[in-house]
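With the numbering used here applied, the sequence shown corresponds to residues -11 to 427, in that order.
Hints may contain errors.
[Stated by the list, open to error] Just the calculated beta-carbon pair ranges, DEER-fashion:
(1) Gln361 <-> Gly418: 40 to 50 Å
(2) Leu57 <-> Asn252: 49 to 59 Å
(3) Ser70 <-> Phe332: 23 to 33 Å
(4) Arg328 <-> Lys364: 12 to 22 Å
(5) Thr254 <-> Asn285: 49 to 59 Å
[Unchecked claim] Taking lysine-lysine and the DSS-like style, the derived pairs with C-alpha atoms no more than 25 Å apart in a straight line are:
(6) Lys169 <-> Lys76
(7) Lys410 <-> Lys335
(8) Lys385 <-> Lys416
(9) Lys76 <-> Lys166
(10) Lys410 <-> Lys385
(11) Lys413 <-> Lys385
(12) Lys364 <-> Lys410
(13) Lys335 <-> Lys364
(14) Lys335 <-> Lys413
(15) Lys222 <-> Lys335
(16) Lys364 <-> Lys413
(17) Lys166 <-> Lys222
(18) Lys364 <-> Lys385
(19) Lys335 <-> Lys385
Please keep in mind that the hints were generated in silico from the structure rather than gathered at the bench.
Backbone N, C-alpha and C define an ideal beta-carbon position, used for all residues, glycine too.
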Amino acid sequence: MIVFVLICCSFSALNITAIGTAKQNNNPDTTLSKCSGYQSSSSAEFLLLDENFTDGNMPPEGDSGDWTLQQTNPGETWYIDSTVPYTKPYCGTIHREESQSLQEEWLITPSLNFIGDGNLQSISLDFHWYTCYYTTIYKRYVELNISVSTNGGANWTNIWSFDDMDVGMPPNPFTDWKWYKSNYLDQNPIDLSAFIGENDVLIAFQYYSNTTASAGQQEFSIDDINVIARAPGKNFTCNAGGPYSWWWPMQYEYYPNGVRFHGNVTNGTIFTQFLWDFGDGNTTITPFNANPIHFYNEIGIFNVTLTAKDNTFSPARINVSHTTLTLFLLKPPAINITARMISFGIKAAINNIGEYNATYVNWTINITWGILQHEKTVANGTIENIGIGTSATIQSKLYFFGFGFIHISVSAYPENQPGLIKSFKGFKIGPLVFVVPET
């Protein structure tokens, strides 16, 4: 019996967005989830700005609006860097090479509204930075400053400076070329609550260098920039699911053809909109589908983004979640099914012996018995994920109709790779089932 798998397989300016991402990063000491650490029924945290340079543009073109870049040295200014981003695939980097000219390069956020509905409780800035030992220890060849303007850039207030943190000075250890979070010592975000009530807030990342000494070491990278506000309400979050791994030909096993994605949102409404960016230049057309289907023409690794938005809240809420999809072709994955020799009811195991996770595995246990070969489904279900080198146990109820010799058929059909039907001979006495060993 063949079991068919039936699976459901950036907006305008951000007013206030909620935290709830699942991003891939290059820092082994951190988790992939960036969920808020503070949650209650009366207060929640929301993103006013979420930028990790994934669009590959400099200056970035984000959901909150476009960034700007003020340059004094166009040949050596902020650029998109794919070498070692904190959040794949890119970060923002600046460094000095051979130019003798002054570098004073300002990367400025879009205008942010710190008023909301007048109920904001606190606002903070969180980001990651990356530099080298020579910049921090021997000489301050460069400066990295963060400043805020509330009048369109006419005046700036410095709120953070790399030089103020005594990075690497005793007793503060420093690891060369490692991503650090916001404030070097306590890793806490930068408090912006003093600017609550302003409706035109710009935040600038300023790099300054006026010397070519050790030019090759004068580098800073920044990534995963978030402006976070706390206000009354429940957390609004979305999750793009994954990471996904699909054997490329499996796209043809379904109609319509394509990869099945599984997104979800918490504390949303029937009016919540979903925008999927599939990482191959295509996005969803229907905004109310959390579980879209998309066909990929090429194999490879794709960075997929889900943006959820709900305008029924005041202020409007938006959340962004990132995941990856790997489409492979060279070697099809493999699963196997084994049955317990003696058990109460029928007990079997679905074993993932391949090199990729088996996801959304629809399974069924069927039996046939008697002279007339009656057939009956005695158990079925779906397993969301069977990891590489692991197995999942499935079983029927202890009692089901049938006695004497029985024929057992177990099927397992993952969503992302070829499935399998395996047959066993058995004998049933009351609740006990004896399975003949495989030969």
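Checked hints:
Under the hint 40 to 50 Å, the C-beta atoms of Gln361 and Gly418, about 22 Å apart, miss the expected range. Against the hinted window of 49 to 59 Å, the Cβ-Cβ separation of Leu57 and Asn252 comes to about 37 Å, which falls outside the hint. Our hint of 23 to 33 Å for Ser70 and Phe332 is violated, since their Cβ atoms are close to 56 Å apart. Between Arg328 and Lys364 the C-beta distance comes to about 19 Å, which sits within the given range of 12 to 22 Å.
Evaluation of the 49 to 59 Å hint for Thr254 and Asn285 yields a failure: the beta carbon distance comes to about 34 Å. Proximity of Lys169 to Lys76 is assessed by CA-CA distance (about 16 Å); at most 25 Å being required, the pair is judged to hold. The straight-line distance between the Cα atoms of Lys410 and Lys335 is roughly 13 Å, inside the 25 Å bound, and the hint therefore holds. About 13 Å separates the Cα atoms of Lys385 and Lys416, which keeps this hinted pair within 25 Å; it holds.
For the given pair, Lys76 sits about 15 Å from Lys166 by alpha-carbon distance, which is consistent with the 25 Å threshold. Proximity of Lys410 to Lys385 is assessed by CA-CA distance (about 20 Å); at most 25 Å being required, the pair is judged to hold. Note on Lys413 and Lys385: the hinted pairing holds, with a Cα-Cα distance of about 18 Å set against a maximum of 25 Å. For the hint pairing Lys364 with Lys410, the CA-to-CA distance comes to about 16 Å; that is within 25 Å, so the pair holds.
Between the alpha carbons of Lys335 and Lys364 the distance comes to roughly 16 Å, so the proposed pair stays at or under 25 Å and holds. The suggested pairing of Lys335 with Lys413 holds, with an alpha-carbon distance near 13 Å, which does not exceed 25 Å. Distance check on the hinted pair: Lys222 and Lys335 sit about 43 Å apart at the alpha-carbon level, beyond 25 Å; violated. Annotation: proposed proximity of Lys364 to Lys413 holds, straight-line Cα distance about 15 Å (limit 25 Å).
Between the alpha carbons of Lys166 and Lys222 the distance comes to roughly 35 Å, so the proposed pair goes past 25 Å and is violated. For the proposed pair Lys364 and Lys385, the alpha carbon gap of about 13 Å is at most 25 Å, so the pair holds. Distance restraint check for Lys335 and Lys385: the Cα-Cα separation of roughly 9 Å lies within the 25 Å cut-off, and the hinted pair is therefore satisfied.
Checked against the numbered hints given earlier, the structure breaks hints 1, 2, 3, 5, 15 and 17 and satisfies all the rest.
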